[in-house]
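Student: Here is what each chain is made of, one letter per residue.
Number of protein chains: 2
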Amino acid sequence: MERKKNLKMDEANEAITNLGGVTTESNKDNTTITKQISSDDQKEKPLDKETLLLAGTLILDAKGGRNLEYILREKYVRSYIWYNSFYLRWALYFCLAFNLSLALFEHPAVPGASIPYWGTMIMELVCLCYFTFRLSHAFYFQYTKVFFKDAKNICVLVMILLTILDMISYIIWSNVDTDVPPVRWSRPLRPLFIINFPDGKQIRRAFRNIRRTIPDIVNVLILFLSSVLLFGLFALKLFNKRGFKYPNGEPYFSNYFDSIWDLYVLVTTANNPDVMMPAYDESNWFALFFVIYLIICLYIFMSIVLATIYNNYKKNLKNEVKQAVFQKRKKLAKAFDLLKVKHNHHEFVSYSRWTQLVTIILPGRSETHTDLLMKILDHDNTNVLSKKNFLNLADLLQVQLTEVKDRLTLLEKHFPSIYNHRISEYFKFFVRHRVFRYWFDLLIIVNAVFIAIDLDAADWFFLAMFTVEILSKLYVLGGKEFMSRFWNIFDVVIIGGAFVATIIEYLDFDNKESNIKDILLVLRVVRLIKLFGSIKRFKVILQTLINIGPSFFTYGGVIFVFYYFFAIVGMEIFNGYITYYGYDSEMPDTAFCGNVKLNNSIFYREHYCNNNFNDILKSMVVMFELTVVNQWHVIASGFVAVTSKVARLYFFVFHLSCVVIILNIFTAFILEAFILEYTLQTVPRLESVVESKIKELGLGIGMKTRKHAIQGPSGDEIILVEDEQTEDTDEVDNQQVETEDVDNEIDLSKEKGLKFHLKKHSRKKTEVLLQQMFQGELDDDDVDDIETYSKERKLTLEAFT
Amino acid sequence: MERKKNLKMDEANEAITNLGGVTTESNKDNTTITKQISSDDQKEKPLDKETLLLAGTLILDAKGGRNLEYILREKYVRSYIWYNSFYLRWALYFCLAFNLSLALFEHPAVPGASIPYWGTMIMELVCLCYFTFRLSHAFYFQYTKVFFKDAKNICVLVMILLTILDMISYIIWSNVDTDVPPVRWSRPLRPLFIINFPDGKQIRRAFRNIRRTIPDIVNVLILFLSSVLLFGLFALKLFNKRGFKYPNGEPYFSNYFDSIWDLYVLVTTANNPDVMMPAYDESNWFALFFVIYLIICLYIFMSIVLATIYNNYKKNLKNEVKQAVFQKRKKLAKAFDLLKVKHNHHEFVSYSRWTQLVTIILPGRSETHTDLLMKILDHDNTNVLSKKNFLNLADLLQVQLTEVKDRLTLLEKHFPSIYNHRISEYFKFFVRHRVFRYWFDLLIIVNAVFIAIDLDAADWFFLAMFTVEILSKLYVLGGKEFMSRFWNIFDVVIIGGAFVATIIEYLDFDNKESNIKDILLVLRVVRLIKLFGSIKRFKVILQTLINIGPSFFTYGGVIFVFYYFFAIVGMEIFNGYITYYGYDSEMPDTAFCGNVKLNNSIFYREHYCNNNFNDILKSMVVMFELTVVNQWHVIASGFVAVTSKVARLYFFVFHLSCVVIILNIFTAFILEAFILEYTLQTVPRLESVVESKIKELGLGIGMKTRKHAIQGPSGDEIILVEDEQTEDTDEVDNQQVETEDVDNEIDLSKEKGLKFHLKKHSRKKTEVLLQQMFQGELDDDDVDDIETYSKERKLTLEAFT
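Quick mapping for you: the protein sequence lines, in order, are chains A and B.
Start counting the first sequence at 1; every next residue gets the next number (UniProt numbering).
Start counting the second sequence at 1; every next residue gets the next number (UniProt numbering).
Keep in mind that the hints were calculated from the coordinates and are not lab data.
Note that the structure is predicted; figures quoted are calculated from it, not measured.
Be a bit skeptical, because a hint or two may be false.
Just so you know, same-sequence chains aren't split out, so a pair can sit in one copy or run between any two.
Stated by the list, open to error - Only pairs whose alpha carbons sit at most 25 Å apart, straight line, appear in this in silico DSS-like list of lysine-lysine:
hint : residue 1 : residue 2
1    : Lys49     : Lys342
2    : Lys315    : Lys539
3    : Lys536    : Lys315
4    : Lys388    : Lys375
Take the sequences, apply the hints, and build the full model.
Tutor: Shown next, in the form of structure tokens:
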């Protein structure tokens, strides 16, 4: 014990000496230091397990961006770690998806999938039980006050109760003999579970952004809707008494509500020339009214809605990102406080504590590895970690680290004599040569021509060639590296799929081959996309698209929530009114889509009967059609014909919320994300502190010292060669780069075997990028007053942009 | 002469002494100074007329943003001034408009306006003659090299020659007996005259911006079109052999070109559910193809097109504005070089030269006025103008300056006893009170209700009340101030119009009153808009819209150029094929819109016959309908039916250029302009150096010292009270503010009668605002290397935003 204490102090002293200019005060009062360092005796010995666990969990929270608060005691932390375990999380995801998918089987069920209501209710109950379990689990490791202060938890609780209430009332309702069919009214709320569990972080953030954006656009929307009302009044006065008629004989602007409906539809352009034609046929000057209306309400107001949304979206996004960075810092600062050693007003994490920490946050790593990480974090070469350096830990953990032996291909490891044989080397050189790539690009073009002129005979040849390409690349690059490139994975999936499908088609002599043929065809045509991936100018755009891909899915989720809500509501209202029976039926039951009210309607004439709400899948397709907007008024008119004009409200609300607001927010997101990503790909990229340190030490993969680059004898300047993300690197001999010596001022020879993956053209998540962008704007110590700070900054930014 | 020289030197010496710390070197070499100041003797005396003229013209150029280069000699400068004279400019505008309007009278003429071809040709010749005169005028005062280096001049020249060639060939052609009707092929080029005369500066700038944006979006467009081609191939394979049919019996994806046409139309959403329905009726899974296609090509690619355009637009806009600022500075620097006096390495414009200059640039101003302007420019109180201060001159000239006597109402001036009588004062107090405003807002609402329930009887009452409102305000505020507010002008126009129309209606007992009734109705309804103008939250948005109004017209001009081009081309191709005869004609000549090929077409069934190219007005309406996009494929199908499928090319090119590119640039413009304006209205505004100096001196209208504001005895701090642009100022007693003493550190009592109009909520042109924003980024002396500078800056900005 005493020995350890001395060791600790020695180390701390050493660290302090290394700090340089500040050592003068260090030998004042050793006793007070020991007091300060440790509140009780245990701090002198290596950290106890609990503190280590707490600190490790906090750091992993910071790395993963988890924001749940929990009681900082071992028992609860272990419970929290279990809460975040893979199985429990995926069980939740499964339950959420399963709960939503129940709509497939419930009353207006997909044909052939109907289950009695008690069946789906039991399934739903199982889901609810798991949700309850999950909630009580969180309740266990959180302070009661914290738990109940969180609106999300209350929300989940209320929804569970509502659902149970709904089930009971439904059972009673359906067993009582009434004319009104029972309604499962809690079903539209189901997607709210996604938003309110802490695991749906991304989608919740998107929703929060939407919620914050809405108040700002309300003014514009009111102005816009008012101007529609005003124009409606005007149109009514202008056209009401002239006796114009639509081509199908319907009255033209006959009352105020029809007027504003027609004009609202006109803003969506869905009835564009049609609504104008009767008046225009009468006098050319009436066209002026519609032109002015469209310019004001469509081109100006809709653009301003987009502008307002975009403006607010940007503002909110910045705040969101800053909040996230702030949370990360707070977690790390907390971890630091747990781990720190205090010595003469200097707080730091010593080397020994660092090694202990690494065993928790990166289990199973070698000592070299641990040392190297420390060296990178320790920006001032003091051999201890100050708070400032420690706060970069989460960034460091984001950077991938592999050892050189990982980068050997399996073949190279096991049959080095064959793999490194002269012939093999020639082959590798050939595969890496650009002629190899050009040849296969040409092959794709030829394949495209063959597909266009419907010549399927040669497909075996193409398939064989592309398979050869994949195998060659796999041989040269090794499985791991091969799979790290998007276009290779793409190839494997497409060609592999085509291969399998072709074999199945070949084996299967039945007549049901048509489905396989379709799939094959898709795979054959999709192969052509690779052509664009091999042209550099398009690659930047495609790479950008791939990078913002994950965020697309977030917004896909947001839209799904709205779709699900409206689809369920739509099914409750409109289900069964319109059914598709084909269009040549003469039977009274099945004529006019099963509803004689559709006789003579445009809906029937345009053959829209399949656009109905008879099951969740059909409803979703209708939702999508309504989102695309065109002819939405015709779809609406069909349901109005079979119910009443009040049905327009449903379609109006859907359009306003999903198209005007959500879709514009989606556009705003793409605008911002695309501009951001594209800029980062074309402009020298932002570097985090950690990355610049890694570069400084020459430890990135694909890095060489100038000495190697120009083969000259001197110059330690480090340059970054094109790394593996760019296509040209296919030709760079990675092995050479990796095995070379890194001779820097600092002797890192023992870490030679370790390399970091630094991505020049970022394949990073947009979120990480955003965080890096704003990190510089946050003061390191000033983590507390982020709110005021961000407000000030907002003003500055607004004034600037 | 000698006296003047001494005076000059005295003054300069005085100025130098005022400069402060730099006087030590001033008494070294007086002889060299005199040499340096003037190349010849004339510089010692007040400036000669020529120099003054040159400098004045340069300054006015800088103020007006004119960029034409001319020979700096009196003769040519006078010619240049004449070139810019009101009459010659408006004659040009008239000729441009007249030349374009000839399309009304030429062959497919508006019914009843047809003129034989020699008639329009003579008119066109007159226009061409004026263009030639204008061009040779510019040729006269420019260096030949400069003139021919300007692509615009060459362009105009070539177009004049082409037009004449076209006329000759048309005359020959129409007198030779051929089957092919003669074509006036130069007509689509006419709008190019607008762009290529130096007077169409704004519109040319917009075009330049478009031209610079296009190369950057070409990649995205190629990728987008390629993916349409790819999906077309896929759709063809998928649907070709299944024998689906559209509801009207047309084949479904029968060949490749139809496939890509249908899919291209689908990207515009115009045929949205229709194109899917036949396949969807067969199997639900086919819907997936269309959903994926729309997500990729519509939601992702079209958003990316917008993102790319917006990104580049912003970049180009910044460069444009910087160029403009740079040009302005260059002109001012040139003027400074002409006017400067050099004294001991200090260059400046002396007071005497300044007074001379003012007589040129602001003729007829009093001495006080001149002094005041100097004081404002002279930021360092040196009594002379250094180059740095002089460069702000253009900004100063942008700020309006009026004398207090201007601000007296006519009544106050001529009948002060009545106007300032106690009863009159009560009345003024009443009118300025908010109850007065609320009462009339209420009246508008009541009026709206009356209009809605079709109660016209009370309209006389409303009209009378609103007239009373206008007259009261006019009495209180005086004509000039009354008219300086948008909503007042709006009122006068609307109510005045309604008044006149009502009287005409009253006098006119014939049956042709219907037209007047329509106008009256419009005026009555439009009045309601004022309601929004009186609600503050909407006022910000509306004010923003009004501010970016002028720029709307610029883009309106751009779109007009495209419309005109496509309309003329369309008329040459499609004129006469389709004619509107009503839809119940049984005569063989007039059935099916005069073309039997339209039988059974959707075009005819939807009653689209009036959408034709039979005259320029109808063509313009078609252009607008095509811009709105909805049903454009139906319009196209009509013209395809009466000609051939090649006609699709015309509609495709129109859509790609006008909708995908121009309309997105328009959206980008609104995004940028709206965000900019809105930010400036909600955030403390940017101030130019000049404006802050004016405020510092307390010379803005509506400014008072703190002393007045709190009626206390001390505190000279200046605050800016709400100025006249905001609605609340209606209640502020302007008279009081203006007549109060401005007691500042500097004694400005003699300038008491002068006030500057400073606009807090900017009614400035967006351009001026933009210039102010970027002015700070330009180094004052470093005007030469703006190109490299702006490039660097661009990168920084990109990395930042």
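Student: Each hint needs a verdict: does it hold in this structure or not?
Tutor: Comparing the hints with the structure gives:
In this assembly of identical chains, Lys49 and Lys342 lie within 25 Å of each other by CA distance solely inside one copy; the values are 20 Å within and 81 Å between copies. Taking the shortest alpha-carbon separations for Lys315 and Lys539, only the inter-copy value of 22 Å comes in at or below 25 Å, while the best intra-copy value is 30 Å. Proximity of Lys536 to Lys315 under the C-alpha cut-off of 25 Å is restricted to the inter-copy arrangement: shortest distance 23 Å between copies versus 33 Å within a copy. With identical chains, the CA atoms of Lys388 and Lys375 are at most 25 Å apart within one copy only, with a shortest distance of 14 Å there and 52 Å across copies.
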